[in-house]
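*Asks:* Line by line, the protein sequences are chains H and X. Here the first sequence stands for residues 29 to 187, where the numbers follow the working numbering. Here the second sequence stands for residues 43 to 262, where the numbers follow the working numbering.
Hints listed in this document are in silico derivations from the structure and should not be mistaken for laboratory results. All values reported here derive from a predicted model rather than from experimental measurement. Just so you know, not all the hints are guaranteed correct.
Cross-link-like lysine-lysine pairs, in silico, DSBU-like; alpha carbons within 35 angstroms at most [to be verified]:
#: 1; chain 1: H; residue 1: 95; chain 2: H; residue 2: 164
#: 2; chain 1: X; residue 1: 156; chain 2: H; residue 2: 95
#: 3; chain 1: H; residue 1: 164; chain 2: H; residue 2: 149
#: 4; chain 1: H; residue 1: 95; chain 2: X; residue 2: 65
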Amino acid sequence: MPSLLPLFQWANNLQVADWVRKSTWIFPAAETVHIVALAVLFGAIVFVDLQMLGLVRRDTSASHLEKELRPWTFSSLIVILCTGALLFSSEAMKLYINVPFQFKIVTLFVAIAFNYTIHRKVIGAEAVRLSSVWVKLTAVVSIMLWLSVGFAGRAIGFF
Amino acid sequence: MSVEIATAPVTAKESSPGFGLKKRIAGLIAGGIMTVLVSALVWVLAAVLPSKTDGPFTFLENICNWLYTTPVSVGIRESTLLFPAIEGVHLLGIALSVGMLCWFDLRLLGLVMKDEPVSKVWTRVMPTAITGFVLMFLTGALLFWAEAATAYHSVHFWIKMGLIVLAGVNAGYFESTTHAHVAEWDSAAVLPMRARIAGLFSLLLWTAVIITGRTMAYSF
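Go ahead and model the full structure; you've got the sequences and the hints to work with.
*Replies:* Listed below in structure tokens is the structure:
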């Protein structure tokens, strides 16, 4: 497997990374935005997943809710990725050897891919052909994936 | 006769499937504005305010100092795993509570789930939000316990506590007055101004709580 080191070095040497490093408050500011957007994203995802699990009212469908929240999920994800990239570039070399970060980035990509493929397909087909076991399993996997991303993210700063 | 025109029924809103480009761009612009505002507030808090205070209450200071020396406090503070774990759960609590409550607040503002009655959104959102709040307050208390003496001297900590109280007052006032009569405006096209203001305040206050939580950690 080719090394990803050049990518990390490139990010580390960006002008933006330098600005973040030199300023005391850009990093906390970006992190705050990261967390506020995280609350919105996680709220949207958990809301839909709980609906799939039948743990909130049963008189609406998860697919209806998911469509309703879709613009919020999307824009909060973009905000998270942008602020995340900013935070990342400022300490890319440190993160290269950070195990929680490696774990987080993998689970993040899996979670995003899962959300926009299987998760969405299952929600769309929910009422039609899928037994409720698969719908519930998808919801549980989704919650577990995003939880892993969150906890690994929190762990980055401590290791 | 012109009254008829003035009170023309609200035209049935085109309920597009909800993933239109327009909506996404609007969402991104809103996200961008939020980003700038939140960052600006962090900057102002950090740059304008002194982060340390002596605090006027020696009584409270004594309690905080005593808490700081208790075994539980020392244990959490010095544990490599416990502190991050508690903070992780605290963050999860934030995501669950604010992340769920925001849908109710946005519903009050008429920005999401407009085709559903307010009371229905409430019953869907609240159980999870309350679970989140419980998690957040419990872990928050533990984190405070671990850092009581430092927190006492942090201006950001006191602002955060003040904001939480304000958020509580806002919610309590809304619950006891406007929300108590929810049946009268449950499915109204435009919600009463009081309800919309309560929603807006709730969103702003909880965002500000998250902000001061972060600035607090960075100025400890």
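*Asks:* For each hint, tell me whether it holds in the structure or not.
*Replies:* Status of each hint after checking the structure:
| no. | hint | in the structure |
| --- | --- | --- |
| 1 | H:95 with H:164 | holds (18 angstroms) |
| 2 | X:156 with H:95 | holds (13 angstroms) |
| 3 | H:164 with H:149 | holds (13 angstroms) |
| 4 | H:95 with X:65 | holds (12 angstroms) |
In the structure shown, no violation is registered for any of the earlier numbered hints.
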